[in-house]
Amino acid sequence: MSCWDTIADYGLRSLGHGERLLPRSDFTLCQQFTLIGSGMIWNIYFGTLALISGFVLATAVAMGKAARNPWLRKPAEWFVFVFRGSPLFIQFFFAYFLFLSLKSTYPVFSPLTAAALGALIVLFLNTAAYSAEIFYGALQSIPKGDIEAADAYGMSGWSRFRRVIWPTMLRLGWPAYTNEAIFLFHATTLVFFSGFPTIKQKGDALYYASYFADKTFNPFIPYPILAFYFILLTLAVIFLFGRVNARLNRHLPQETRSRIRLRPQLIR
Amino acid sequence: MFSYCTDPGTLEGLTWLSCYLTTGKHQSIYWAVGTVLLLLAITAPTALLFGFGGASAARSRFAPLSWFGKIYISVVRGVPDIAFFLFFVIALDQAFEWVRHKVKCPDWDQEVWQGNDFVVCAEAKLPLGNAAQWVHETYGFFLAVLTFAIVFGAFAANVLYGAMQAVPRAQIETAEAYGMSNRQAFWRILVPQMWVYALPGLSNLWMVLIKATPLLFLLGVEDIVYWARELGGSKTAQFTDYPHPDWRMWYFAALLIFYLGFTRVSEIVLDKIMRRLTKGQATMAGEAQRKAAA
Amino acid sequence: MNKLILSVAALALSAGLASAQTVRMGTEGAYPPYNFINDAGEVDGFERELGDELCARAELTCEWVTNDWDSIIPNLVSGNYDTIIAGMSITDERDEVIDFTQNYTPPAASAYVGLSADADVTGIVAAQAATIQAAHVAETGATLLEFPTPDETIAAVRNGEADAVLADKDFLVPIVNESNGELAFVGEDVPLGGGIGMGVRESDGELKGKFDAAIQSMKDDGTLNAMIKKWFGDEALVF
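Residue numbers (this note's numbering), protein chains in the order written: chain A, 19 to 286; chain B, 49 to 342; chain C, 105 to 343.
To be clear, the hints were calculated from the coordinates, so they are not data collected in a lab.
All the given hints hold, so there is nothing to weed out.
Result set (BS3-like, lysine-lysine): computed pairs, CA atoms no more than 27 Å apart in a straight line:
no., chain 1, residue 1, chain 2, residue 2
1, C, 314, B, 173
2, A, 162, A, 92
3, B, 173, B, 152
4, C, 333, C, 273
5, A, 162, B, 327
6, B, 339, A, 162
7, C, 273, A, 233
8, A, 162, B, 320
9, C, 273, A, 218
10, C, 334, B, 73
11, B, 320, A, 92
Some chain B residues judged to face chain A by a derived CB distance under 8 Å, without partners named:
no., residue
12, 123
13, 126
14, 129
15, 130
16, 131
17, 132
18, 135
19, 138
20, 259
21, 262
22, 273
23, 297
24, 303
25, 304
26, 308
27, 311
The beta-carbon is built from N, C-alpha and C at its ideal position, and this holds for glycine as well.
Chain A on its own, in the form it takes in the complex (with noise of 0.2 Å):
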């Protein structure tokens, strides 16, 4: 079997298409690889999903933490100092816990349980409360005078936040934001490995390496596919956010621009 049947039969098996089995016998690198990386699909499907609508509530839970309000400062200070505070293990178990039991009361949540949405909701919030806590700090460090420049323009309220706030927050903020990116594909590894159930053997990257580990009682072949996959990711993540930066950053020179980057921020 040449390594295009493979590719044909296994790349998409983590979503339940092609061959029902998986390999049992003459495991084949061309099968590691294709498998692991037909896993990778649910890796870029939780972090890409969660860091797309982790980015909104992040934003407003750090104007939130910022508030003078405290029914805004408080809620906002324990949402992120609970999530920021405990493992994703332990996340991952609460989690399952608590939809289980909604589940048995109200049948419609019963696609919570399934990884593909239950996991994603906690990788949200997680990730919403890491990136809070770097927007946060991130809002503390605008400059006094940016702020006094768009009162002096007469801007304010929402106009003065979507043109001054909310630009320069993210701009100060790229760099850690970008490792809390990074972070966050990792830890999409955590899904099937502690929290959530493997339903019809489709896993992520790490669940078909851990497969092929166990099945070859090899790990020196499968854990370095699996680390090649996400080095691959992480620089893809890093290109991309590269080209954000240097759009936010456009207005500056270029002296100053490469300085703002190097500058060390809050990572996760």
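Given the coordinates of chain A, work out where chains B and C should sit on it, guided by the hints.
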């Protein structure tokens, strides 16, 4: 533990609980708390050392060293820690034993890899086959610390590299104007000043490190999450004097409180250190401190 | 180096053996009645008792080590302990990588357990990941739901996440017995695997020979059968 614990089946309520929580098996989880704290205490400085080495290497003018530093930082940061832990400890252990094998048994005529087996001579085993149990435990712990330090060292290197770049160029130029050599400027000017820029990143790294401890069982150190799962799972009366249904929820709740508390304490301490480091620095926060005092 | 030594089996051995190499016995510690951690925090169970007896008969000093199930074979072949005695069924694919002693339990049956005796074993079936049962469910066409630990597979049946669980029958019997009728065996037993044996490195023929002989002597004088009955009940299969 207590004298009344001889027949737990007859006990109830708090007395039962006091016996239950002091069984030999529960002692293991209390020990695990200590192990985790000790590991954190040793790993943090070690990782910082690796990070310092990595960052200095990456800044080096000697190209191969600089490549080495940069590759170390980007490769290890690119890989999820969990994937790294799953094969790296075994590799590390084999590497140590292989080196010892080459040194101690030069006349060995058999292959080191016999099929799937990794076989070294008895003298090269780490620890030696007849070593006491605490030696094995300590060695396993040492490997876990080393693996953690390598992974987190890469992140620390990234933070320190950024911090070294962030020290105002003028400071180094002034040092050069005073006739300091590169080495002197590095150790006397750059290193003392970089910490204030590195601390936010490093304190975040510390928080991540705390939260990576549930992965310790992958490295063979049985950590608190491992024991919480093991103790919390439902127990049948045939194998224990303390049967109970699935109690993992309560164990995990206790862990949640432990981690949240530990995070809070860390935050307070790191805040203090930051305020201390900021003093007299040419940053906005340092300026604010000066004004507040005046 | 996945290991944490829980206890040293201080065996009554002659003083002359004090200098002998220690044999390190790797087990999981989470699979009663085969092996588990007892209230005192020590490895206990059928395999603990069996292993200690085998070591005594083979005149070896043994030491117990626990290791995560997923990496139990890689750690054996890389020499971190010398045997696996962890309820491991003898299968062809495992046999390609390590050697097994002769089996010390007869080929054991696996069984389905559900909330009632007519649960649907072709529906959603839970199994521990990386076991022969998981592989079997994948082949039957039922929807396989995999969990990292055996505990979680049982919990999944209890909370309705899965219709049934497939696991070693010996593991399931005490759980079903103590569930007050909540759980029940479903259908016929499923024969899987070739009995349970001790795993040793392929390059370790001498050790394998010693344990083979010890197991044979226990089979011959009936002590093995008595031990099986003690831990698995009177209905258990014996030699």
